[in-house]
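Single-letter residue listing:
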Amino acid sequence: MTPSQEIWVFAEQENGELKSVALELLGRARELADELGVEVGALLLGSDVLDLSRTLTNYGADKVYLADHPELKQYRTLPYAKVIDRTVQAHHPQIVLFGATMIGRDLAPRIASQLVTGLTADCTDLQIGNYLDPFTGVDHQNLLYQIRPAFGGNVIATIVAPNHRPQMATVREGVMKTPETTTGRVAKIVKAPAEFTDAELAVEIIEHYRKPKSVDLRAARIIVSGGAGVGGKEGFDLIRELAHVIGGEVGASRAAVDAGYIGKDHQVGQTGTTVRPVLYIACGISGAVQHRVGMQESAKIIAINLDSDAPIFSVAHYSIVGDLYKVVPLMIQAYKNK
Amino acid sequence: MQCIVLIKQVPDTKNITAKAMRDDGTVNRAALPAIFNPDDLCALELALRVRDQYGGSVRVISMGPLRALEILRDALSRGADEAVLLSDKRFAAADTLATSYSLSEAVKKIGNYDLIFCGRQAIDGDTAQVGPQVAEKLNIPQATYAQEIWKENGKVFVRREVEGGYEVLALKTPALITVTGGYVLPRPRSARRTIRFRNVTAKPEIEARWKKENPDMPAEELDKKVEAEASRCKQAGLLIDVWSVDDIGADIKRTGLVGSPTRVWRVENVTLHTGESKKIEPTEDGIHALVEELIHDHVLG
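Quick note, the sequences are listed as chains W and V, same order.
Just so you know, we're using this note's numbering here: the first sequence kicks off at 33 and counts up by one.
Just so you know, we're using this note's numbering here: the second sequence kicks off at -10 and counts up by one.
Everything labelled a hint here was simulated from the structure, so no lab data went into it.
Incorrect hints may have been included.
To be verified - Among the chain W residues that face chain V by a calculated CB cut under 10 Å, a handful are:
{"#": "1", "residue": "Leu139"}
{"#": "2", "residue": "Leu175"}
{"#": "3", "residue": "Gln178"}
{"#": "4", "residue": "Ala182"}
{"#": "5", "residue": "Ile188"}
{"#": "6", "residue": "Thr190"}
{"#": "7", "residue": "Ile191"}
{"#": "8", "residue": "Ile238"}
Unchecked claim - Beyond 12 Å from chain W on every Cβ pair, some chain V residues (computed):
{"#": "9", "residue": "Gly100"}
{"#": "10", "residue": "Val215"}
{"#": "11", "residue": "Leu227"}
{"#": "12", "residue": "Asp236"}
Backbone N, C-alpha and C fix where the C-beta goes; we use that ideal spot for every residue, glycine too.
Make the full structure from the sequences, and use the hints.
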């Protein structure tokens, strides 16, 4: 059969709730598909998840490939990989995208290996473009540019897979905008095969624990972040106070998290959460490149640091060279007196 | 439990100093110190614990240039029983698919295994793909992001990180485990083993030394000397096997650059936007004006 040329998105869900990255990916997939004049497919796996196909449609899917089966209720690598592998082989999409979540990064490499195709991890941008193969001289049209930081965040690499299909990538959460929803769209529901061997179902989940989420940085409009310069656990009380007063969440640099000042849930940056709030206030953060790539898309950035040479100032819209222990209380006071 | 640990030597990307930067601001990889990938050290530790508790052996495999013998020596000093290096130009410049193919062929050559351990990811690429891809090539189940592992009634239990919590999986062996750093403390090199394995070597190293010290020796004689020394080292347990593409019977269409579907097309240095930055004085007036401006711009409510 001729390849469908569709662009697919793995619509990751847990307990009937779609991950925000799935919607972000639908947004970008829609843009890329419109550029190429092809359709967008959403891969929806789970148990009793048919309802979610409506949401996926509203966010831009033209087709929903649905595998609804009790064995798919909780994520397990082998059954999920089997369904996607079979569905891809039946419909030949040209691109398949996954969120670079813990599930996406467990699942996508297994599938890429099964399909013997390329996979680029943790992309921060996707584009369509041409590629002239320096070895063969072949000019490949309309490839997926898979753009990601590499080498500890010190370089940005553009990766292509000229000769293998589908082109696969995992994409970091929070780097792409969630699209506007459109109502009145109609998507075709395509049943995906869900049949498993005993071996594929042999791994058992004995226990599954999630602590209630204490912080949602991705959804925060304002983030007040502390770094090594905060100096200690107690210092974060001041960061929390400012965040509370102006209605923000508390973030942190890796240095502050590694030093034990605050929990990892709060970490912003390459190994933490990528954020794009309306306002980001960096207090005592020097701004290693790994941190900056996780927050530089913020609409407004205020940096407070004693060291006027701190790299964080290179991305700041407002630079305050000074002691955060003086500046932050002044901000709290100024806001309260507004 | 027969354990195999896949380890990688990586440039220390977390500690890039001015020395490692070129004038144009790019990173000179060669100038960075090469280290034992941190997650792989934790994978080795978990494997050693499994062996110490349940019996068996720990074999380590690395793929890379001869320099990677350093981390294999390190692994032996920490308690690994055997080490193998895959080294061949035809393995080089591989992406994760080709890497996982070569590693899985080496694992197949070793054959007898219950558990394969890998670090969650390597700090030079941060892809976390090779582990799951090796598992797929061997057609065995995987448990990624492992923190802890134990055995009960013939089954292996893995506690693994999931978003915002953890889960416990029960698996039958053989299986592949990728290990997240930070949950176990890798044991230090034992002094006794460090001394013992200080002189552990590999045939290409022996050959290079003989060539250097005896530049005029006829090739045939040199080969004999090298063979003799290698076999002495092997008998003393001081030889790391170095395997080529041919040694593991790999298909050269699937190794190295040739076997890699992905190509790095363009690499740019990170230039973060500077834009216009407004300097704010750290005074009451300065901060007051800033807060007012933010409220005016509807940034603050």
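(request) May I ask which of the numbered hints given earlier this structure violates, with the numbers listed in increasing order? (result) Every hint satisfied by this model.
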